[in-house]
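K.L.:
Residue numbers (our numbering), protein chains in the order written: chain U, 1242 to 1727; chain B, 1242 to 1727.
It should be emphasised that the hints constitute simulated quantities derived from the structure, not laboratory data.
Yeah, the Cβ is synthetic: ideal placement off N, Cα and C, and Gly gets one too.
Just to be clear, a hint being listed does not mean it is correct.
Unchecked claim - The calculated lysine-lysine pairs, modelled on DSBU-like cross-linking and capped at a C-alpha distance of 35 Å, are:
{"no.": "1", "chain 1": "B", "residue 1": "LYS1526", "chain 2": "U", "residue 2": "LYS1496"}
{"no.": "2", "chain 1": "B", "residue 1": "LYS1630", "chain 2": "U", "residue 2": "LYS1630"}
{"no.": "3", "chain 1": "U", "residue 1": "LYS1297", "chain 2": "B", "residue 2": "LYS1533"}
{"no.": "4", "chain 1": "B", "residue 1": "LYS1418", "chain 2": "U", "residue 2": "LYS1555"}
{"no.": "5", "chain 1": "U", "residue 1": "LYS1312", "chain 2": "B", "residue 2": "LYS1526"}
{"no.": "6", "chain 1": "B", "residue 1": "LYS1418", "chain 2": "U", "residue 2": "LYS1436"}
{"no.": "7", "chain 1": "B", "residue 1": "LYS1563", "chain 2": "U", "residue 2": "LYS1307"}
{"no.": "8", "chain 1": "U", "residue 1": "LYS1563", "chain 2": "B", "residue 2": "LYS1307"}
{"no.": "9", "chain 1": "U", "residue 1": "LYS1550", "chain 2": "B", "residue 2": "LYS1496"}
{"no.": "10", "chain 1": "U", "residue 1": "LYS1533", "chain 2": "B", "residue 2": "LYS1307"}
{"no.": "11", "chain 1": "U", "residue 1": "LYS1312", "chain 2": "B", "residue 2": "LYS1418"}
{"no.": "12", "chain 1": "U", "residue 1": "LYS1312", "chain 2": "B", "residue 2": "LYS1610"}
As the list claims (entries may be wrong) - To be clear about the criterion: a stretch of chain U counts as covered by chain B if any three or more of its residues have a C-beta under 8 Å from a C-beta of chain B, and this derived list gives those stretches:
{"no.": "13", "region": "1312-1324"}
{"no.": "14", "region": "1361-1369"}
As the list claims (entries may be wrong) - Partner residues are not named here, just some residues of chain B that face chain U (Cβ under 7 Å, in silico):
{"no.": "15", "residue": "ALA1280"}
{"no.": "16", "residue": "LYS1312"}
{"no.": "17", "residue": "ALA1314"}
{"no.": "18", "residue": "PHE1319"}
{"no.": "19", "residue": "PRO1321"}
{"no.": "20", "residue": "GLY1346"}
{"no.": "21", "residue": "ARG1376"}
{"no.": "22", "residue": "ALA1576"}
Number of protein chains: 2
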Amino acid sequence: MSDENEKEQVKALTAKKKDNFSEWYTQILINSEFIDYSAVSGVIVFRPSSYYVWDKIREATDVLFKEAGIKDAYFPLFIPERFLNKEKEHIAGFNPEVAWVTGAGNSTFDERLAVRPTSETIMYDSYSRWIKSWRDLPLRLNQWNNVVRWEFKHPTPFIRSREFLWNEGHTAFATEKEALEEREQVLGIYSKVLKEVLALEGVPGKKTNKEKFAGAIASYSIEMLMPDGWAIQGPDFHNDGQNFSKSFDIKFTDKNGNYQYVHQNTFAISTRMIGIMVAMHSDDKGLVIPPKLAEIQVVIIPIYNDSNKEKILKYAEELKSKMKDLRVYVDSSDAYSPGWKFNEYELKGIPIRLEIGQKEYEGRFATAKRRDTGEKFTFNVDESESKIKGTLDKIHENLYNKTKEFLESHIHKVYDYEKFKDLIGKDSGFVQAPWCGSTECEDKIAEETKAKATNMPFDAQHDLDGKKCIYCGKEAKYFVNFARSY
Amino acid sequence: MSDENEKEQVKALTAKKKDNFSEWYTQILINSEFIDYSAVSGVIVFRPSSYYVWDKIREATDVLFKEAGIKDAYFPLFIPERFLNKEKEHIAGFNPEVAWVTGAGNSTFDERLAVRPTSETIMYDSYSRWIKSWRDLPLRLNQWNNVVRWEFKHPTPFIRSREFLWNEGHTAFATEKEALEEREQVLGIYSKVLKEVLALEGVPGKKTNKEKFAGAIASYSIEMLMPDGWAIQGPDFHNDGQNFSKSFDIKFTDKNGNYQYVHQNTFAISTRMIGIMVAMHSDDKGLVIPPKLAEIQVVIIPIYNDSNKEKILKYAEELKSKMKDLRVYVDSSDAYSPGWKFNEYELKGIPIRLEIGQKEYEGRFATAKRRDTGEKFTFNVDESESKIKGTLDKIHENLYNKTKEFLESHIHKVYDYEKFKDLIGKDSGFVQAPWCGSTECEDKIAEETKAKATNMPFDAQHDLDGKKCIYCGKEAKYFVNFARSY
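My request is simple: use the sequences and hints to build the entire structure.
P.N.:
Right, dumping it as structure tokens:
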């Protein structure tokens, strides 16, 4: 039929990951029906399989937040303009990309309302009313919401999107010590989710002053790599000190009856992670979704003719019933052929495909194919659950190990600026170099090599003795991971 | 200490539910720290305990949606103005309350973008590209998101809020029959959530033509009552027929190769339900939260002095450890006295409070108090789990039964317009009357009595033979529940 052929044609991937990464990235997202472009430029539609991924990331992170004592709340989407203006650096950072609501119905507002690009200012207005006494601290709130940043740079699905979904944690503590202690806890949660849910690994570290968040006194990030060797910032954590508490007058009476300003942090993980996850794991056949994030973990494709249809379909349901804890889908539709279905679920990145036909039915087994390695195997129907659970675990492990190895093989320690420039040009990932700590050198490096200081990895700050800044030759204070960056 | 006293003073409830319902409603929401007003007029802040309630409603509903085959997706927050204009009745219904984004940063947009008041138009633009063949149907998507309706009427927390959270389901079917069958399934899901999660009961039925959704061919609702006897619309379901599919050109090739327009439905449950839940269950001491929605289901308050503190706190933790499946919080803070804590958790509506002091410790028991009835009882520590679980079930049942009885005692069947007018004036809930089906009579009734046709209850449409319209005296076609309405 004509409409079927049309559809197959549209879906076929033509770009290769190695040859044309950015075209391949777009094709796998669109053709697999993972996302679609929308009529609003720079904003995507999350179709069910990608929204499912986000929902699982949210759920896994939220459980860990709650265990840590961080609670969810929900603050207004709109922020009065005067609030954004209260913290100078903050407004300077966000002003160029704020979307403005100027009226409703036929009325024009007296004051413009910003569609939140981030919620510090609207939340801290509430905090200033809620926090009065040491008894009200710590206050550790988070929200899962949508934010809008109308960037004029070229948008890329998930990676740079004018509307995206994220968590934003905003906490207030009585002492600086407590505020600083939260960093390890929160970055630990994000690392755990990246590793155990998305099967990704990143580099945690501190941002340079130049790269810190608008309004923070120190920023921390988990920096990731894309398959093209360019860096991309993952989840982040900002210590805001008393910057906002002073602008928003968030103070409390301590146990001695003295007024004190609170110490604050903010932290976030966003739908950008979905883009990194997809890019790192997928291949020229389409998406590869890690088992914990796959809406369908196992697809059963029955292969039958008129004479054995009933038996085979019944067998498919029996097989499914053996895997109650897993997300199993039997595609028994007559609309498409088994061959079409094989391609379809490969394109969609379903972790395991099971085929069952006459042979499998008679032998009470199933023929399985792993999406990640392409490996085929058979197993007896009675060992379905343990066999398939075990295979899903292996798939997760394999995906994680591959990204970890990729990361590790893409960190190059250099002490020589010529070598540095040579590597930066070649998409070789992070180039780790000693640095004196001056923004001047950082700027010069960026100017000459287009490389950004991604962060200063926590675990790389040793053996600095006697090391010289890669640019100016003065005494080095930090090791920095430089990279071309998204 | 001065700040403590201040706080207690602020929190004390002064209004009574019976005497001044609307003041009482605001006081219990604000003073219990359930919500707060925000700097954006008509928009509230969901503090952790109210957001928790919404998260649980969302979760329970979403599980049932997924079982029914409805999947979650996420569409853009902004809608191009030309889309809203495509369906005439739709834009006429929403235009007066749409918030408009006119630019970003320093740029002005060529076309205004609406902040979604509902997402039919942006979703159906995608649907028109996704749906090509009978193979692509049904398409049953839902999203959990925020919407903005800038109503100029007096805002009331949860009940009428300029930004609120909801689900919006938007489905497309090949045939009218399938589309109509979805109604029972979806209203069934909403009724189940109301009953089993919120402990509420409502009246499902069809809306009159006048009251149907802007763009629908038929609307259905579950109508609820507030404690003051005024009606309020709960979850709804709209059959849009082919109205939108024709405006948005959503057509498919059927099995015979002919083009057909899809048949569509939309449905929603919103954070308004939290307002109804709170209003119905709570009392003059504060909130009463049904056990399934309470962030803390059981609070343990240890009562100790310096000499037995260690033992009592250890005993509190032991008691908590016996109730692993429940959400139990031990308030061992020294910041407040036990008496203060009793009031605090009563105000916050925690379903069960457990006190343990020296006597309880020695006897290995706990003293419990139910929030809903005030009933006190003791139980042995080793029977904690079964005893407390059983009590939580009883609390849910009691709350549900009370609202059901209230509802049933507030439906008055009348056949006489004088009697009708008399009842409507007295906040007596739903006045059920026969009606001829004409908008003219409906309008006249509204004009003369301020009563709205809430809906035509499914289970009331019998024994219509010989009944006359309450207003014009012509033959009646329906029984309608009229009421003063929020």
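K.L.:
All hints, please: hold or fail.
P.N.:
Against the structure, the hints:
1. LYS1526/B with LYS1496/U: Answer holds: LYS1526/B to LYS1496/U is near 30 Å, not above 35 Å.
2. LYS1630/B with LYS1630/U: holds (33 Å)
3. LYS1297/U with LYS1533/B: holds (22 Å)
4. LYS1418/B with LYS1555/U: holds (28 Å)
5. LYS1312/U with LYS1526/B: Distance of about 25 Å is within 35 Å: holds.
6. LYS1418/B with LYS1436/U: Given that 35 Å is the threshold and the Cα spacing comes to 47 Å, the pair is violated.
7. LYS1563/B with LYS1307/U: Holds: LYS1563/B and LYS1307/U sit about 20 Å apart, inside 35 Å.
8. LYS1563/U with LYS1307/B: holds (20 Å)
9. LYS1550/U with LYS1496/B: This hinted pair holds, its Cα atoms lying about 21 Å apart.
10. LYS1533/U with LYS1307/B: OK: LYS1533/U and LYS1307/B at ~17 Å, within 35 Å.
11. LYS1312/U with LYS1418/B: The given pair, whose Cα atoms are some 45 Å apart, is violated under the 35 Å limit.
12. LYS1312/U with LYS1610/B: holds (26 Å)
13. 1312-1324: Contact hint for the region 1312-1324 of chain U vs chain B: holds, 11 residues under 8 Å.
14. 1361-1369: Since three or more residues must qualify, the claim that chain B covers the region 1361-1369 of chain U holds, with 3 doing so at under 8 Å.
15. ALA1280: holds (5 Å)
16. LYS1312: holds (4 Å)
17. ALA1314: holds (5 Å)
18. PHE1319: holds (5 Å)
19. PRO1321: PRO1321/B check passes; min Cβ-Cβ to chain U is 6 Å, inside 7 Å.
20. GLY1346: Holds, because the Cβ-Cβ distance from GLY1346/B to chain U comes to roughly 4 Å (cut-off 7 Å).
21. ARG1376: ARG1376/B check passes; min Cβ-Cβ to chain U is 4 Å, inside 7 Å.
22. ALA1576: ALA1576/B check passes; min Cβ-Cβ to chain U is 4 Å, inside 7 Å.
In the structure shown, a violation is registered for the earlier hints numbered 6, 11, in ascending order.
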